[in-house]
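Asker: Next come the chains, spelled out residue by residue.
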Amino acid sequence: MNIAHRTAPKERASSHDAKQRQAERQLTIPAVILLSISVIASTNYRAGDPITAWAIVWSAAYVLAFALLMATVIRGHARADELQKIVQLRAAAVSFGVTISGLFIAALLHSFNIGKPSAMIHSIFTVSILTWLIATQWFTRKATK
Amino acid sequence: MVHSESNKVTNTLPVLRSSRKWSQADLADKLNVSRQTINALETGRYDPSLPLAFKIAQLFGVSIEAIFTPDEINKRSS
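These protein sequence lines map, in sequence, to chains C and A. No gaps in the numbering here: position 116 of the first sequence is 116 in our numbering, and each next residue is one more. Residues are numbered in our numbering as their position in the second sequence, beginning at 1, plus a constant of 1000.
Only chain C is shown next, with the shape it has when bound in the complex (with noise of 0.2 Å):
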């Protein structure tokens, strides 16, 4: 029997894990409270319709919030361990080829008057996300499980 093996049911994190964390949450929060505001204000506007202050509050709201987003993820990459580096890059490779994949679909599409640019580019968008979540737990389930 492999006593080395064994190890407490739920271990305690590291500290590097507590740390990188902690980075995350600092700018994740925010942004997601941001996005649920821009959602939720958004519901109120059509195309169309006149540039209000509001309108253009709740835009800017959409952008930091995405800037946000993407800066927790840049921290999280230059805190990441060497295993965690190459997971996350080959979740973004996988997430990268289903975005050019859809892209190239969609500009086919287009190019036959088919489908809604702007529902294209929303639905792109939210598989890539989507795909980029999944890549990033399956890669980190392969490497440690």
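In short, the hints are calculated from the structure, not lab data. Note that CB positions come from ideal geometry on N, CA and C, so glycine has one too. Warning: the hint list may mix true and false statements.
[Claimed, not checked] Below 35 Å or equal to it, Euclidean Cα-Cα: the simulated DSBU-like pairs (lysine-lysine) are:
no.: 1; chain 1: A; residue 1: K1055; chain 2: C; residue 2: K85
no.: 2; chain 1: A; residue 1: K1030; chain 2: C; residue 2: K116
no.: 3; chain 1: C; residue 1: K142; chain 2: A; residue 2: K1055
no.: 4; chain 1: A; residue 1: K1021; chain 2: C; residue 2: K116
no.: 5; chain 1: A; residue 1: K1008; chain 2: A; residue 2: K1021
no.: 6; chain 1: A; residue 1: K1030; chain 2: A; residue 2: K1008
no.: 7; chain 1: A; residue 1: K1021; chain 2: A; residue 2: K1055
no.: 8; chain 1: A; residue 1: K1055; chain 2: C; residue 2: K19
[Unchecked claim] Quick list of simulated restraints, FRET-style, between CB atoms:
no.: 9; chain 1: C; residue 1: I134; chain 2: A; residue 2: F1054; range: 51 to 57 Å
no.: 10; chain 1: A; residue 1: I1064; chain 2: C; residue 2: A107; range: 50 to 56 Å
no.: 11; chain 1: C; residue 1: K85; chain 2: A; residue 2: S1019; range: 27 to 33 Å
Chain A: place on chain C using the hints.
Answerer: Just chain A now, with coordinates in the frame of chain C:
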């Protein structure tokens, strides 16, 4: 490197860690890596970079070869 089946490396990391009564989290703290990385190293799913391998060897006061051995060499000597 996340290893392929053709390039396996065996390691004595779990034994060395247990001899010092360290948890995986303790070892991760000392090496400034995540606990996930220590787990992956011990289960053989990940081979460390050279700097990390040197750091591990220095921490335990042994040579790298005493900790990490390619499976080919293990098979030849058995």
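Asker: May I ask which of the numbered hints given earlier this structure violates, with the numbers listed in increasing order?
Answerer: 2, 4 and 9
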